[in-house]
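From first to last, the protein sequence lines stand for chains F and L. The letter at position 67 of the first sequence is residue 67 when you use this note's numbering, and the numbering goes up by one with no holes. The letter at position 50 of the second sequence is residue 50 when you use this note's numbering, and the numbering goes up by one with no holes.
Worth flagging that the hints you see were computed from the coordinates, not collected in a lab. Computed from a predicted structure; not experimentally measured. Careful, some of the hints might be misleading.
Claimed, not checked - In the SDA-like style, the derived pairs of lysine to any residue whose C-alpha atoms are separated by at most 20 Å in a straight line are: (1) L:Lys84 <-> L:Glu11; (2) L:Lys84 <-> F:Lys171; (3) L:Lys84 <-> L:Arg59; (4) L:Lys84 <-> L:Leu35; (5) F:Lys171 <-> F:Gly132; (6) L:Lys84 <-> F:Thr141; (7) L:Lys84 <-> L:Ala24; (8) L:Lys84 <-> F:Ser96; (9) F:Lys171 <-> F:Thr152; (10) F:Lys171 <-> F:Thr141; (11) L:Lys84 <-> F:Arg61; (12) L:Lys84 <-> F:Gly28; (13) L:Lys84 <-> L:Phe18; (14) L:Lys84 <-> F:Gly73; (15) F:Lys171 <-> F:Glu110; (16) L:Lys84 <-> L:His25; (17) L:Lys84 <-> F:Ala60; (18) F:Lys171 <-> F:Ile145; (19) F:Lys171 <-> F:Arg128; (20) L:Lys84 <-> L:His54; (21) L:Lys84 <-> L:Gly22; (22) L:Lys84 <-> L:Asp73; (23) F:Lys171 <-> F:Gly28; (24) L:Lys84 <-> F:Ile145.
As the list claims (entries may be wrong) - Partial chain L-side listing against chain F, Cβ under 10 Å, derived: (25) Met1; (26) Cys9; (27) Glu15; (28) Val16; (29) Glu17; (30) Tyr20; (31) Ala24; (32) Arg48; (33) Glu56; (34) His60; (35) Thr61; (36) His62; (37) Cys64; (38) Gly65; (39) Arg66; (40) Asp77.
Don't be surprised by glycine CBs; every beta carbon is placed ideally from N, CA and C.
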Amino acid sequence: MSEAIAIPALAVAGTDLALESQATTAAGVALTLEPPASRWSLRARTADALAAVIGRPVPARIGETRDGLACLGPDEWLADLPAGTVLPDGAGQPVSVVDISARGVVIRVEGAGAARTVASGCPLDVERFAVGRATRTVYETVEVILWRESETAFRVFVWRSFAPWLWHALKACERA
Amino acid sequence: MLLIHCPYCEEDRPEVEFVYGGEAHIARPLDPAALSDEDWEHYLYIRRNPRGRHHERWRHTHGCGRFFNAVRDTVSDRFEQTYKAGEPRR
């Protein structure tokens, strides 16, 4: 006798997280949960090998970003693309192309006080972290990928289960 | 905060992004079965533990994810230099 095991559907939209957008505060920071997007973890020996498989320009230096792709390590990239984008899987090629759209969420920290809010919990030298750079780092105790979009806007990629905690940590740092 | 230079990121990064990985340049014996118990014990457990210059492995876990080697002074905790895994001992 066997019974079917019900596996709950994984909510991709980010709506399972009870995070309410925070309007811009007196400190000049707005926290918002970004809408779902198509995100990929990409591994290859070289940027050229990866570019040949996915047919897009790939940044070669660690920390660089280009057209939604960020170079995280010598053989690792993150792709953050519009929802619905599908990358070639590179079957038979020495690359790894993995859809991680449902793995995490992105919290957007924006406003005049954004850099200060990020610096409150992140050990990086945020002032020297130039616009257009992205890197894996930590925020308080949580591993995140930090992506600086402009002087006053940061995107914080975090694994789903850490998101509620990180949200409150960002709020606490914003108020501090 | 202690800053460690990651030879892959080519940047000084905060220590909390890194994890210590023990003494560096310890080659695994090619044929473990041929070793005496004493030699095997030496390979597994016995470390130099010097006072002063120490070659050690670190991993930029919360960064590029790479292992690399460092020369650190065990008295002053100062990092003398770091270099990529696979490069000869410095």
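Quick rundown of the hints versus the structure:
no. : hint                  : verdict
1   : L:Lys84 <-> L:Glu11   : holds (13 Å)
2   : L:Lys84 <-> F:Lys171  : violated (38 Å)
3   : L:Lys84 <-> L:Arg59   : holds (11 Å)
4   : L:Lys84 <-> L:Leu35   : violated (30 Å)
5   : F:Lys171 <-> F:Gly132 : violated (24 Å)
6   : L:Lys84 <-> F:Thr141  : violated (27 Å)
7   : L:Lys84 <-> L:Ala24   : holds (12 Å)
8   : L:Lys84 <-> F:Ser96   : violated (23 Å)
9   : F:Lys171 <-> F:Thr152 : holds (16 Å)
10  : F:Lys171 <-> F:Thr141 : holds (15 Å)
11  : L:Lys84 <-> F:Arg61   : holds (16 Å)
12  : L:Lys84 <-> F:Gly28   : violated (42 Å)
13  : L:Lys84 <-> L:Phe18   : holds (15 Å)
14  : L:Lys84 <-> F:Gly73   : holds (13 Å)
15  : F:Lys171 <-> F:Glu110 : holds (12 Å)
16  : L:Lys84 <-> L:His25   : holds (12 Å)
17  : L:Lys84 <-> F:Ala60   : holds (18 Å)
18  : F:Lys171 <-> F:Ile145 : holds (18 Å)
19  : F:Lys171 <-> F:Arg128 : violated (23 Å)
20  : L:Lys84 <-> L:His54   : holds (16 Å)
21  : L:Lys84 <-> L:Gly22   : holds (15 Å)
22  : L:Lys84 <-> L:Asp73   : holds (18 Å)
23  : F:Lys171 <-> F:Gly28  : holds (12 Å)
24  : L:Lys84 <-> F:Ile145  : violated (23 Å)
25  : Met1                  : holds (6 Å)
26  : Cys9                  : holds (5 Å)
27  : Glu15                 : holds (8 Å)
28  : Val16                 : holds (5 Å)
29  : Glu17                 : holds (6 Å)
30  : Tyr20                 : violated (16 Å)
31  : Ala24                 : violated (19 Å)
32  : Arg48                 : violated (29 Å)
33  : Glu56                 : violated (21 Å)
34  : His60                 : holds (8 Å)
35  : Thr61                 : holds (8 Å)
36  : His62                 : holds (5 Å)
37  : Cys64                 : holds (4 Å)
38  : Gly65                 : holds (5 Å)
39  : Arg66                 : holds (6 Å)
40  : Asp77                 : violated (17 Å)
In this structure, the earlier hints numbered 2, 4, 5, 6, 8, 12, 19, 24, 30, 31, 32, 33, 40 are contradicted, and the remaining ones agree with it.
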